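Engineer: Those protein sequences? They're chains A and B, same order as listed.
For the first sequence, the positions run 0 to 378 when numbering that gives the first Met the number 0 is used.
For the second sequence, the positions run 0 to 378 when numbering that gives the first Met the number 0 is used.
One or more hints might be untrue.
[Claimed, not checked] Quick look at which bits of chain B chain A covers, simulated, 3 or more residues with Cβ under 8 Å:
(1) 110-123
(2) 257-266
[Claimed, not checked] With the Cβ distance kept under 10 Å, some of the chain B side facing chain A (calculated, not the full set):
(3) 43
(4) 96
(5) 100
(6) 128
(7) 141
No lab work stands behind these hints, which were simulated from the structure alone.
Quick caveat: nothing in here was measured; it's all calculated off a predicted structure.
We put the beta carbon where it would ideally sit given N, CA and C, even for glycine.
2 protein chains.
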Amino acid sequence: MNTTIETLPTPCLVLDEAKFQRNVTNMRTRIAQRGGTLRVHVKTNKSIDATRRILDDGAPHRIMVSTLEEARYFAAHGLGDITYGVGIVDQKLEEVARLIGAGVDLKVVLDSAHMARKLGQRGRELGVTFKAYAEIDTDGHRAGLQPQDAQLIEIGRILAGDRGSQLAGVITHAGGSYECRSISEIRAMAEQERSRLVLAAESLRAAGIECPETSLGSTPTATFGESLAGITEVRAGVYVFQDLVMAGLEVCRIEDIALSVLATVIGHQTTRNGIITDGGWMALSRDRGTAQQAVDQGYGLVCDVDGRACGDLIVTSANQEHGIVAERQGRAVDFARFPLGSQLRVLPNHACATAAQHDRYHVVEGREVKAVWPRSNYW
Amino acid sequence: MNTTIETLPTPCLVLDEAKFQRNVTNMRTRIAQRGGTLRVHVKTNKSIDATRRILDDGAPHRIMVSTLEEARYFAAHGLGDITYGVGIVDQKLEEVARLIGAGVDLKVVLDSAHMARKLGQRGRELGVTFKAYAEIDTDGHRAGLQPQDAQLIEIGRILAGDRGSQLAGVITHAGGSYECRSISEIRAMAEQERSRLVLAAESLRAAGIECPETSLGSTPTATFGESLAGITEVRAGVYVFQDLVMAGLEVCRIEDIALSVLATVIGHQTTRNGIITDGGWMALSRDRGTAQQAVDQGYGLVCDVDGRACGDLIVTSANQEHGIVAERQGRAVDFARFPLGSQLRVLPNHACATAAQHDRYHVVEGREVKAVWPRSNYW
C-alpha cells in the first residue's frame, strides 16, 4: 500500500504498529518472567491479523473468545485451542458441539450444577465430550461461585461423572481490578485473584476431583501480579492496544496507547470554545470509563495527526457523528492550530468498546498506512 | 420464514413490526396535520427494508443521512433525494461529486464562508454544482451560525455567486430538545427552532439571496411543535423505533418502543440479587441517555420475551458480553421467574446507539420472526 493517513476517509480507526508490537512483547515478557503461560483474549482485537502478530511474537497458540462468532472466525483461520468465556447456556451447545466436531478444542464456562448436568446430557445426545471450566468469583464483581462453595464440588463430580462432559479446570477474571486506585491495590487484587482460584482448585482436588487448569487474568492483574504459583495460564486482551482507562490505572503510559480514532475538524464554535469534528460516539463509542478515575478524559484525549497529545484537549461531548473538542478546564481553544479540514487522533477510554465501532484497523507507521486489518464483529 | 424468537441466537436485535408501523404512521399523520413535509433521518434505522416501509406509508421519498456510506447505500437502493447532515469538509467533496455525477440529488451542510468558498472552487474543478444548506444554530447546542450572523449573508452570496455551488436553503436541528424537562418546554423549543430558522431565511431573502428550503427537526420538536409556518420540511429519525429517552421526554409511551435486545439468562447471583445475561454493552451500547432524566433506566428496561416490562427490573451494569439485571431499588429478584436459559428483551435508552451495535433486525409479530432486515453500518 502507498497511502498516508491524510488521505483516509474519516472517522476511522488507526493502529500504531510499533506501539502495538511493544505492548505485545512487554506483556509476553512480563508473564514469562513469572513462569506463566499466556492465553490472549481476542475480544479486544477481533482480528486474525492482529492475533497472528501476537502469536508470532511467541505467545502460545491459545485464545479466549467472548462470542461464538469469534470462535468460528478464529477457528476458520486455524486457531484450534479456544475458550469461550461467557457462561454457557443450553441454546448454544449445538453450535459448540458443531465446532468441536470440526476439530476445535473449544472449552466452555459455567457456574451451576444445573448447567453441569445439562452439559453431560447434551454432550451424550450430540456425541461429544464438552470440556467446561467452573467459574470462580474472586472479587465479587460478576459471575462465578465462591472458592469454597459446596456447589463447586458438586459441579466437579457431575462433570467428571458423565461421558458427555469433563472438568477442564477453574477459571476467574478479576474485573474488579478496573476499579482499583493504585498499583498496590492492583497487586493485592492480583494476589487475591490467584490465591482464591488456587483455593478453589485445591478444594476440588481435596475432594478427589481432577482439576487440570487454573486460568485467571485481566490486563491490570496480569501486569502487576507478582506470583503465579499454582496457575496454569494468564489471560489478558486489552493490553495489546492499551487505552485511557489502563493509563489511569498506571498499567501503561498515555504514549503506549496504540489505538486512536482519526477525525477531521468540521467546524469551529468560537463563542463556545469548541472544535467540532466528525468523530462522534458512533466512532468513539459511548464508553466513559475514565469518568470515575482521577482524570476524566471525556470521550477521549485529543492528539495531533502524529499521535502526540495536544495538552488538555479532550472530546467533551459526542453526538452520533459529531464530537465536540474543548480544553478540559474550559480554557480558550487555539483555533488556528486546528483549521477546518485538519485531522486529529482521539485516544479511546476503552479500546474494546471503541474498536468495536469499526470494521477495520488502518495500521500505520508514522503517517504511512502499511496495512488494513479487518475485524470480525457481531455474534 | 418459519422461525420463532425462542430459536434466535442471543444477543440479537428484535423489532416489533406493529409498533414500528404505528410509530411511522403517527409521525406522518402528525406532520401532515400541520401541513408539513417529512424528510426521514435514516441514521437511526440504516436499513433499506425499514426505510421502504416508512416511504410505503406515504412519507416523501427524501432522506437525511449521517454518513457518506449511508448515502451510497440508500442511493444504490434507488433513493435519490438525500441530504448529508454532518458539516462538509474538503476531503469528502470528491465522493459527494461522484454521487452527484451518478444521479443522486445529494445536498451538503456548512456553516462557514471558508467552506462556502471551497465548495464553489471544488465544484468547478470537479464539474458539478454542489447544493449546500447553511446550518443555523437555534438552540446553542452544537454547530451552525446565529440566525442574524453577518457571515450567513456572506455564505449566501458566495454560494449563489459561483457556478460550482448553490444555496439549497437553511437547516437546523434542535438537539437541545433532548434535554427538555416537560412537553411545554419541548413545545417552546420547537417554536424557537422554527422562528429562528425562519428569521435566518428572511435575513437571506432581505439581502436579495434566494433561500428555497427551510429544514428543521428532531423527534421531540417534530412531535410537539405546533406551527410549521415558513418551514418546507421536518426531519426526524428515532421516532420510527422510539426508545427510553423518548419515553422519558413523554414523546412516546414505554409500550411504543419497537426495538429491543433479546438476551438469555446465563447466571444467577443470588447473594447479590442479580441476574446475569449475555446482553452486555456490546449488544446494548454504552449509552446512558436516561441517566439525567427523572427515571434512570440503567442500560435498559427489562421485558419478558413477549415485550412486557417486568416491573422495575433494569440492566444495572454491563460488561462487554455480560449484562447484570436487578431491581431498580435493589429489592429481591424473583429468580424463579427467570431460569437459566430463559430469554429477556431489553428496551434501549437510545435506539440509534443500540441498533448500531448490530448488523440486522429480526422483525417479529408476536413471537414469530417474519423477516431479517440487514443494516448498513460504518462509514
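Engineer: None of the hints should be skipped; say for each whether it holds.
Structural biologist: Consistency of the hints with the structure:
Interface restraint, the region 110-123 of chain B with chain A: holds (4 residues with C-beta to C-beta distance below 8 Å; minimum three). A stretch counts as covered by a chain when three or more of its residues have a beta carbon under 8 Å from one of that chain; for the region 257-266 of chain B and chain A the count is 4, and the coverage holds. With a cut of 10 Å, the hint placing residue 43 of chain B at the interface with chain A holds, because the nearest CB-to-CB distance is about 9 Å. Interface restraint check for residue 96 of chain B: the shortest CB-CB distance to chain A comes to about 14 Å, outside 10 Å, so the restraint is violated.
Violation of the interface hint for residue 100 of chain B is found here, the shortest Cβ-Cβ separation to chain A being roughly 18 Å, above the 10 Å cut-off. Against a cut-off of 10 Å between C-beta atoms, the interface hint on residue 128 of chain B is violated, since the closest Cβ of chain A lies about 21 Å away. For residue 141 of chain B, the interface hint holds, since its Cβ comes within 10 Å of a Cβ in chain A; the closest pair sits about 6 Å apart.
Hint compliance for this structure: hints 4, 5 and 6 are not met, and every other hint is.
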